[in-house]
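Enquirer: The primary structure of each chain is shown beneath.
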Amino acid sequence: MMVKWKLAIQLLWYRILMQIGLKGEEIYYIGGSEALPPPLSRDEEEVLLNRLPSGDSAVRAMLIERNLRLVVYIARKFENTGINIEDLVSIGTIGLIKAVNTFDPSKKIKLATYASRCIENEILMFLRRNNKIRSEVSFDEPLNMDWDGNELLLSDVMGTENDTIYRNIEEQVDRKILHAALMKLSDRERKIMELRFGLNGGEEKTQKDVADMLGISQSYISRLEKRIIKRLRKEFNKMV
Amino acid sequence: MSKTMDRIRCIVCEKPRTNGISVLDEFICEHCEREIVQTDVEDRKYPHFVFQLRKIWCESDV
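As you go down the protein sequences, you meet chains A and B in turn. First residue of the first sequence? That's 1 in this note's numbering, and the numbers climb one at a time after it. First residue of the second sequence? That's 1 in this note's numbering, and the numbers climb one at a time after it.
FYI, nobody ran anything at the bench for these hints, they're computed from the structure. Ideal placement from N, C-alpha and C gives every residue a C-beta, glycine not left out. Do not rely on the hints blindly, as some may be mistaken.
Said to hold, decoys possible - In silico negatives: residues of chain A with every beta carbon more than 10 Å from chain B:
1) T102
2) L143
3) L178
4) L185
5) L199
As the list claims (entries may be wrong) - Under the rule of at most 27 Å between Cα atoms (straight-line distance), these lysine-lysine pairs were calculated in the DSSO-like manner:
6) A:K132 - A:K110
7) A:K184 - A:K132
8) A:K208 - A:K230
9) A:K77 - B:K55
10) A:K176 - A:K132
11) A:K176 - A:K226
12) A:K132 - A:K98
13) A:K108 - A:K132
14) B:K45 - A:K77
15) B:K55 - A:K98
16) B:K15 - A:K98
17) A:K238 - A:K208
18) A:K132 - B:K45
19) A:K226 - A:K238
20) A:K226 - A:K208
21) A:K184 - A:K208
22) B:K55 - A:K208
23) A:K191 - A:K208
Bound-form chain B, shown alone (with noise of 0.2 Å):
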């Protein structure tokens, strides 16, 4: 696995942050995940979230 040297970035809310949680190499911050616990798949906000998410899945620009 090679690395690159990254500013975390998170990539829910694609801003630069320093607390939260790294799942298969990308950040997803603390206040991101903190909002993605507390919405409901009817929110407004919800397919934002899953769109985002892909990018765990695939590379970031996929």
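Extracted from the complex, chain A is given alone in its bound form (with noise of 0.2 Å):
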């Protein structure tokens, strides 16, 4: 009966500040907690999270407040990230003020258990979301600054090799242009072409086994191979 008056003796007080607007001086130093508002009793805790779920605003800063000493000690784990501890303690509050709000108090959970996980994941997240940003390189990155005031951007000294982009174009033009030549040529013709150079997917074959495939002399093969070559390059050169 007690805590309860006492409580609400305190958040009534709360209330009155907020209303009035009444805003202390007092500083609240991250290297000592001496200052921080001392953590709830267990009756305490109990009567404010029955009246959690009313909304009432005056409950949740309490609990918020109240609970700030888990937000320095996690925060303080931390330390050795990068961050400097006024973030860490930042983000911290952040997890405590999403805690508080999503407390649900018909689940048998201690808030302390709650708080103390949603804090850390949230100092986690961030510590992660940070890495990527940090491995991720922009090609507009200043490197550097001459005496005119002219930045050096990575993309400025990223190389590529000269015919990159125009290389695969050229080499579909050549295709096309070789496929138009070669049905200029007789069906037998064309066969030998295939089966020597492997155009159409397949294998290619030595002068030997197209002679044979075709029942004519390897020497034969030889000869025609030469003719239609030199013909090849004659409409192709006609194309190009």
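Join the two chains into one complex using the hints; note that each chain is given alone, in its own frame.
Expert: So this is what it looks like as structure tokens:
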């Protein structure tokens, strides 16, 4: 009963402060938790948690304020991550605000347990995001600046082979022309070329293999091949 | 603890507001509190909240 009365008076005090805008000038240093309000006793917490679902902002404020020591305690564990303690504590506070706003008293879990998870999770998520950003480099990242103030960008020093872009295009055009030239050959001549050079995705065959397949001598295939290539070159040059 | 008369100004949006919560004598309006709860670390607004909430722990001008 005493706890309820004490809390009711404190909550009233919170509301009055909020209503009239009285603002303390006390500074709460991160280095020492002496100035931080004490944690709630079990009875106090129970009374406040019963009132949490009503949406009373003074209840939320008190639950947040009285759990701030948790924020400092958890934030300090991440001090060696390169993020300054002010930011860590600030991120932890966001985690605590989220915890108090999303806490479900009907689930039999202690607020401190839930809030600890939320605070730690908030800091871990921030660190993960930070690491991701650090591993991404922009092409417009300035590397240096000359005397005239012109920035040297990463994209300025990144090189590519000169023909990277049009190499593929040229190859595609060559293939099309060769295909058109092949169409001008007789069926037998085209067959010899396809077999010898694996033009339709097939395997390249030797002159002997092709000769055996077509039932003619290897020397004849050799002569035919020279003649066909000469003709193809001529057709090819006509189209370029 | 000495007291001064100030209008309640939200430390996050820096606008004078009436409804919200007071944490270590710093006021966060209802709207910003809700936004903080709904904002993910990936959100572009997040660094702003981190920066503004530092005021809870340090003197406002620091």
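Enquirer: Hints first: check each against the structure and report whether it holds.
Expert: Here is how each hint holds up against the structure:
Against the 10 Å criterion, T102 (chain A) falls within the reach of chain B, whose nearest CB is about 7 Å from its own CB. Remark: the non-interface label on L143 (chain A) is consistent with the geometry, its nearest Cβ contact in chain B lying 25 Å away (cut-off 10 Å). With a cut of 10 Å on Cβ distances, L178 (chain A) stays outside the contact zone with chain B, its closest approach being about 52 Å. Residue-level check passed: L185 (chain A) sits 61 Å from the nearest beta carbon of chain B, beyond 10 Å.
Distance to chain B confirms L199 (chain A) as a non-interface residue, since its nearest Cβ pair spans about 52 Å, more than 10 Å. Annotation: proposed proximity of K132 (chain A) to K110 (chain A) is violated, straight-line Cα distance about 33 Å (limit 27 Å). Note on K184 (chain A) and K132 (chain A): the hinted pairing is violated, with a Cα-Cα distance of about 58 Å set against a maximum of 27 Å. Between K208 (chain A) and K230 (chain A) the CA atoms are separated by roughly 21 Å; this keeps the pair inside 27 Å, and the hint holds.
For the suggested pair K77 (chain A) and K55 (chain B), the alpha carbons sit about 21 Å apart, so the restraint of at most 27 Å is met. Straight-line distance between C-alpha atoms of K176 (chain A) and K132 (chain A) comes to about 45 Å, which puts the hinted pair past the 27 Å bound. Annotation: proposed proximity of K176 (chain A) to K226 (chain A) holds, straight-line Cα distance about 22 Å (limit 27 Å). With a CA separation close to 23 Å, the supplied pair K132 (chain A) and K98 (chain A) stays within the 27 Å bound.
Under the criterion of a C-alpha separation no larger than 27 Å, the hint pairing K108 (chain A) with K132 (chain A) is inconsistent with the structure, at around 36 Å. With a C-alpha separation of about 25 Å, the suggested pairing of K45 (chain B) with K77 (chain A) holds against the 27 Å cut-off. Between K55 (chain B) and K98 (chain A) the alpha-carbon distance is near 18 Å, which keeps this suggested pair within the 27 Å criterion. Taking the CA atoms of K15 (chain B) and K98 (chain A), the gap is about 22 Å. The hint holds against a cut of 27 Å.
With a C-alpha separation of about 32 Å, the suggested pairing of K238 (chain A) with K208 (chain A) is violated against the 27 Å cut-off. Taken as a hint, the K132 (chain A) and K45 (chain B) pair is honoured in the structure, with Cα atoms around 17 Å apart against an allowance of 27 Å. For the proposed pair K226 (chain A) and K238 (chain A), the alpha carbon gap of about 19 Å is at most 27 Å, so the pair holds. For the hint linking K226 (chain A) to K208 (chain A), the alpha-carbon distance of about 15 Å falls within 27 Å, and the restraint holds.
Of the supplied pair hints, the one linking K184 (chain A) and K208 (chain A) holds, its CA atoms being roughly 25 Å apart against a limit of 27 Å. A threshold of 27 Å between alpha carbons decides the hint, and for K55 (chain B) with K208 (chain A) the separation of about 87 Å lies outside it, so the pair is violated. At most 27 Å may separate the alpha-carbon atoms for a hinted pair to count; K191 (chain A) and K208 (chain A) meet this at roughly 15 Å.
The structure fails hints 1, 6, 7, 10, 13, 17 and 22 (numbered hints given earlier, in ascending order).
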